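> The primary structure of each chain is shown beneath.
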Amino acid sequence: MSETLRLKVCLVGAPAVGKTSLVRRYVEGAFSEEYLTTIGVRISRKRVEVNGEPVGLVVWDINGDDAFAPLQATYLRGAAGFLLVADGTRPVTLDRVLALRDELAEAFGPTPAVLAINKEDLVDEWDVEDAHLEDLRASGWQLWRTSAREGTAVDDAFQALAEAAVATARG
Amino acid sequence: MADGLPPDLLAALDLVAFERQPDGHFRAAAPLPDWLRGHLPPDAEGCVTPAASSDFLAHFLAIAADTWDGPPGGRLMSGPFTEPGADGVERTLEATAIRAASGAWLLLGLPLMRYTTTQRLLQAARDEALDVERTRRRHAEREILLHTIVHDLSNPLAGLRGSLRLLRADALPEDDRELLEIAHRQADRMRDLIHDVLRAFRREVDAMMPATAAPADAAETLRQTAQLLGPRAQTAGVPLAVDAPEALPAVADARRLERALMNLAENAIRHSPEGGTVRLAAAVDGREVRLTVEDEGPGVPEDAREALFQRFASLGEQRGQIGLGLYTVRLAVESWGGTVGYEDREGGGARFWVRLKRPRERLA
Numbered sequence: 000m001s002e003t004l005r006l007k008v009c010l011v012g013a014p015a016v017g018k019t020s021l022v023r024r025y026v027e028g029a030f031s032e033e034y035l036t037t038i039g040v041r042i043s044r045k046r047v048e049v050n051g052e053p054v055g056l057v058v059w060d061i062n063g064d065d066a067f068a069p070l071q072a073t074y075l076r077g078a079a080g081f082l083l084v085a086d087g088t089r090p091v092t093l094d095r096v097l098a099l100r101d102e103l104a105e106a107f108g109p110t111p112a113v114l115a116i117n118k119e120d121l122v123d124e125w126d127v128e129d130a131h132l133e134d135l136r137a138s139g140w141q142l143w144r145t146s147a148r149e150g151t152a153v154d155d156a157f158q159a160l161a162e163a164a165v166a167t168a169r170g
Numbered sequence: 000m001a002d003g004l005p006p007d008l009l010a011a012l013d014l015v016a017f018e019r020q021p022d023g024h025f026r027a028a029a030p031l032p033d034w035l036r037g038h039l040p041p042d043a044e045g046c047v048t049p050a051a052s053s054d055f056l057a058h059f060l061a062i063a064a065d066t067w068d069g070p071p072g073g074r075l076m077s078g079p080f081t082e083p084g085a086d087g088v089e090r091t092l093e094a095t096a097i098r099a100a101s102g103a104w105l106l107l108g109l110p111l112m113r114y115t116t117t118q119r120l121l122q123a124a125r126d127e128a129l130d131v132e133r134t135r136r137r138h139a140e141r142e143i144l145l146h147t148i149v150h151d152l153s154n155p156l157a158g159l160r161g162s163l164r165l166l167r168a169d170a171l172p173e174d175d176r177e178l179l180e181i182a183h184r185q186a187d188r189m190r191d192l193i194h195d196v197l198r199a200f201r202r203e204v205d206a207m208m209p210a211t212a213a214p215a216d217a218a219e220t221l222r223q224t225a226q227l228l229g230p231r232a233q234t235a236g237v238p239l240a241v242d243a244p245e246a247l248p249a250v251a252d253a254r255r256l257e258r259a260l261m262n263l264a265e266n267a268i269r270h271s272p273e274g275g276t277v278r279l280a281a282a283v284d285g286r287e288v289r290l291t292v293e294d295e296g297p298g299v300p301e302d303a304r305e306a307l308f309q310r311f312a313s314l315g316e317q318r319g320q321i322g323l324g325l326y327t328v329r330l331a332v333e334s335w336g337g338t339v340g341y342e343d344r345e346g347g348g349a350r351f352w353v354r355l356k357r358p359r360e361r362l363a
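Residue numbers (numbering that gives the first Met the number 0), protein chains in the order written: chain A, 0 to 170; chain B, 0 to 363.
The reader is advised that the hints may include incorrect statements.
[Unchecked claim] Label-pair distances were calculated between CB atoms; the ranges are:
(1) 77(A) to 83(B): 16 to 22 Å
(2) 137(A) to 191(B): 43 to 49 Å
(3) 97(A) to 229(B): 35 to 41 Å
(4) 97(A) to 87(B): 35 to 41 Å
(5) 154(A) to 83(B): 17 to 23 Å
(6) 137(A) to 303(B): 52 to 58 Å
(7) 34(A) to 195(B): 34 to 40 Å
(8) 32(A) to 127(B): 18 to 24 Å
(9) 34(A) to 68(B): 39 to 45 Å
(10) 33(B) to 44(A): 19 to 25 Å
None of these hints come from the bench; they were simulated from the model. Note that the structure is predicted; figures quoted are calculated from it, not measured. For each residue, glycine too, the CB sits at the ideal point set by N, CA and C.
Please take these sequences and the hints and turn them into a complete structure.
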């Protein structure tokens, strides 16, 4: 069955939180230990099913937002959803992506967003308080503790984003 | 445009020029190279429809319409993008939309040289930033250990000092009174050393925290620094002068920037002759914000400059200081992607400068 809906979703977050690894795990089912910073944008495609309907996800993996290479708004226009990615071993990346969420809402209006706190496999280094995540959930966030290395909850996070994006696109 | 250029020149540059047609197609100005044929297959007439085979270009062409419909001279660059082409092969490309007097053009090329160079530089910067974060974590863990040890030392030391205080000096022979006085002084010195070690360690750990999302107002921070140091400068007989615009956003953490500026300004006051002015200034300098702290003292000797911002650098600092001040300033500034340095002030004296990145524009 051909896709009736094609949606652009963007991954945003600080550098080295694992955005590219999440996409690679999701699209190719693979993981690499090597950290290679993304320049500009890397686009991948994945076909998913939402409520039995085939949907084409065009996944925009955008370079990490920092002082060295700031995020460009032009990459984000037309996004049907955002996967906001933070690194569970670096709490400051969660602060940054939450601040970014406010900017995105201001610039592009209400757009579905899902939060992925990545590197769940690094148990000894995990540094984000469970209580903080519970507070975020309680305030309405769809939130997943993911591991691109082990594949934990990666499909769930993208699927949740796809479902939210489809629901918004269908009105 | 391409009429005046030999087609093989563009090919040698790995660049393809397309002229935008009224029907929305793009006609290549020269035969397409193989790599582009795979990415954007042309039709029988040599035209391509980028939006049909490239998700990125579909997005870019929509934005570029304003440039093409605008006055001649307009240009819009996409930045590098990586995506699979119609043949399934992933390529990194860059697109440029140009409005020339001769028409509306789309340039597509392989940004290999610049892309590789940029990636190497960005990778190095981010690897450094990650190293700083990892070091901070290790330091933070050591700090806990250090606190525990110091706490274990402090408790018996407090007992020792208490016992010494309770000893009645007047009941002791003259020689013993002198020994008691030495014991008092040494115990106090040990307490001060413990405090110094803790303070220095905490400052070092703090200086390595990465920048928060919200930019700091460098001008306001500079004014607050001057205000906080006002009484000390007055006591030293050193007037403080501030030259800063009303607001000056910069990539930094306001609280730690204030501490870094305090460090530089305290140094300046300390090395300034009585009556010499210490000047604090902030201004935009291209894509950066430049902060300077100047004094009219003797300046930094030539042979001390190389190690000036290193750990435990000796700058003839006052006794009791550990030589971490400028080091922690450098750690903090570099954690925000900035730089710090020293130069002689024209007319004599020292000038320390801090360059910070200006924050990106709000998304819009």
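> Taking the hints in turn, state whether each one holds.
These are the hints, each one checked on the structure:
Judged by the Cβ atoms, the range 16 to 22 Å given for residue 77(A) and residue 83(B) holds: they are separated by roughly 20 Å. About 48 Å separates the C-beta atoms of residue 137(A) and residue 191(B), a value consistent with the hinted range of 43 to 49 Å. At roughly 37 Å, the beta carbons of residue 97(A) and residue 229(B) sit within the given window of 35 to 41 Å. In this structure, residue 97(A) and residue 87(B) meet the distance hint of 35 to 41 Å, their C-beta atoms being roughly 37 Å apart.
For the pair residue 154(A) and residue 83(B), the supplied restraint of 17 to 23 Å holds, since their beta-carbon distance comes to about 21 Å. In this structure, residue 137(A) and residue 303(B) meet the distance hint of 52 to 58 Å, their C-beta atoms being roughly 56 Å apart. For the hinted restraint 34 to 40 Å between residue 34(A) and residue 195(B), the CB-CB distance of approximately 38 Å keeps it satisfied. Checked against the hint of 18 to 24 Å, the pair residue 32(A) and residue 127(B) passes, with Cβ atoms roughly 19 Å apart.
The hint said 39 to 45 Å for the Cβ distance between residue 34(A) and residue 68(B), and at roughly 42 Å that hint holds. Our hint of 19 to 25 Å for residue 33(B) and residue 44(A) holds, since their Cβ atoms are close to 23 Å apart.
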